[in-house]
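**Student:** These are the residues of each chain, in order.
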Amino acid sequence: MSLIRLENLNKIYASQAGNVHAINNISSDFKAGEFTSIVGPSGCGKTTLLNAIGGLDKPNSGKIWIDNTDITSMGDKVLIDFRLRNIGFVFQAYNLIPVLTALENTTFILELQGAEKKVRNERGMELLKAVGLEDKANSRPNQLSGGQQQRVAVARALASRPRFVLADEPTANLDSKSTETLLDIMAELNSKEGTTFIFSTHDQRVIDRARRIICLEDGRIK
Amino acid sequence: MSLSLTMAWRNIGRNRRRSAITGSAVAFALFFAISLRSFQLGIYEHMVDTLVGGISGYIQVSDSAYWPAQNIDLAIPENPQWKKTLENDNRIKSVRPRLTGFALLSSEKESSVAQWIGVDFEQEDTAFWKNRLRSGNFNPNLKKNIPVWLGKRLAEGLNVDVGDTIVGLGQGYQGGMANDLLIVAGTLALGNPELEKRAAVLRFNDAQEFSGAYGMWGSVLITPYQKEKSLSLSSQLSSELKLEGASWSSWEERMPELKQIIQADSAGGVVVLFILYTVISFGLLGTMIMLASERRREFTMQIALGVKRSVLAKVVLIEALLVGAFGSVFGIILGRSLAYYLHLNPPRLLGDAALAMENMGWEPVLPPSLDWSITFTHTAIVICIVLLVSLWPVLTVYKSSAINR
Ligand SMILES: Nc1ncnc2c1ncn2[C@@H]1O[C@H](COP(=O)(O)OP(=O)(O)OP(=O)(O)O)[C@@H](O)[C@H]1O
Ligand SMILES: [Mg+2]
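Just so you know, the protein sequences line up as chains L and U, in that order.
Going by the numbering used here, the first sequence opens with residue 1, and the numbers climb by one from there.
Going by the numbering used here, the second sequence opens with residue 1001, and the numbers climb by one from there.
Hints were generated in silico from the structure; no laboratory data involved.
Heads up, a few of these hints could be off.
Heads up, simulated DSS-like pairs for lysine-lysine below, C-alpha to C-alpha not over 30 Å straight-line [to be verified]:
1) L:58 - L:136
2) U:1399 - L:77
3) L:58 - U:1399
4) U:1314 - L:58
5) U:1308 - L:117
All values derive from a computational prediction rather than experimental measurement.
Using the sequences and the accompanying hints, generate a full structural model.
**Tutor:** Written out as structure tokens, the structure reads:
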């Protein structure tokens, strides 16, 4: 049984230059434990697709089944709670809350879910250790490098053991060494914790690490 | 500390300049409002105290037909038990019986109609009478004769001075005659030219003897601790502490013109404050618009992660309230310190204004009020303004979506 099922998904942006069919009738399946990369040239619809799967934006038509629940029919408030409890996010940039420390950012979702402080901090430290930042637990985001911030974001996305993690170009702002480190961490967490990862990229080194690759072109799967 | 509180608290330090501007605007508004109102209301208190406090009383208990004619035949029997109860009431500062009537006063050359007022000096605010004494003293060394303290203008009219003898002749209690020799013991400035032309103050026992109204009170003047509550206290006490044959009235009921003058003047101050608050509100709104645009990306990111909009709104509101509270504390400390300092060292009027006031028996000083209700009212207003302008970032939160557009 699949974790995520996309059924005839369409997203059309209306603009002055005419309509853009950013997702063109996509159907696909994602299984638990996948380590999947969505690739394609700029403007092919990667971000649009990930936003739809994550419930951040509504498709114009089609269905998105997550564990047999159709999230396209959920209201805004229900969807916010659904994201909190089921999906981990790593954004391209501006991921962390500036006034919280690395550990507090890591445990942020857990705290909103109502986890106890002791449980939270143990899990938070465990993940900071996994991303190699246990000595930065009390640093604020502005005291961390871009790569370190992305690692904290990965730690946060995983801390609450979500059903899957979505990452839209998580390495776009990183140098090759940081990219390597982040991918090592993601791959390791994928195999150790069985976390499902779906990430977009146009970086060949990242594509090489993926176990499944979905190629998009003009909003269609190639 | 809860997560919202932690985030709100730390957010204050993020853009310190903006937080400082918000806090100082609140502090300034409150400082200005408290100072201005304390000054204004202080002047009214001083005015009412002079015109009402010693003469007709904040609250008066007398026969219902007694005021304003003050007919001695409407005197009420003394009731020491009732007076004791009143004196023991913790809302009441002082209880002073008065007895008054009208008489013709004659010196060697002149005569004048006067109102004699029997005053029990032991029950009175000694400062009130000391401030008003212009010559003579309150402890005359007289064995046989009755001492009298004349209003300044009355003494001038009769062409008498301390130590002179005058004849008093008038209507006594229930058709009796009131006549006696009176010795001028002092002259008084009473804060009201009309009163100064006709008032002749006697000791209370002397007044009873002079008029033959033994065992009678003309009226009883009551000063509450909370003078501004005279009106409600008067009606409350009138049912709690009934006195046979007497009715209760507060100064507002007896002198509605004075009340109106104060209200009209006070409205001017309210207009000034309204303008101040409007200006401050727009200033505060500016800082809130800044705050909202600084946080827009963060709101979007958090909504994407699954943070409820109500939580984000709560964080913003707590932050605004914390800054507002800091500003308020500063404003209150500054405003009240100034009011307190000036209350202890009240500014004195100089020149003609001072002379005019002094001639009316009105100390030419402007002591600000220390009434806490001024502080509470304006703190509440300022906090409401802060909450109101925080609606801008709150609306921004509710308009934010989960992705950047
Ligand atoms: N808000 C929008 N309004 C109109 N058109 C949009 C909007 N967002 C995206 N598009 C268009 O939809 C198409 C897909 O965009 P999308 O951002 O998904 O591409 P992408 O694959 O993520 O590109 P990149 O690699 O540059 O991030 C593009 O043609 C883009 O111009
Ligand atoms: Mg993109």
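**Student:** Does each hint fit the structure? Answer for all of them.
**Tutor:** Against the structure, the hints come out as follows:
no.: 1; hint: L:58 - L:136; verdict: violated (37 Å)
no.: 2; hint: U:1399 - L:77; verdict: holds (13 Å)
no.: 3; hint: L:58 - U:1399; verdict: holds (16 Å)
no.: 4; hint: U:1314 - L:58; verdict: holds (27 Å)
no.: 5; hint: U:1308 - L:117; verdict: holds (20 Å)
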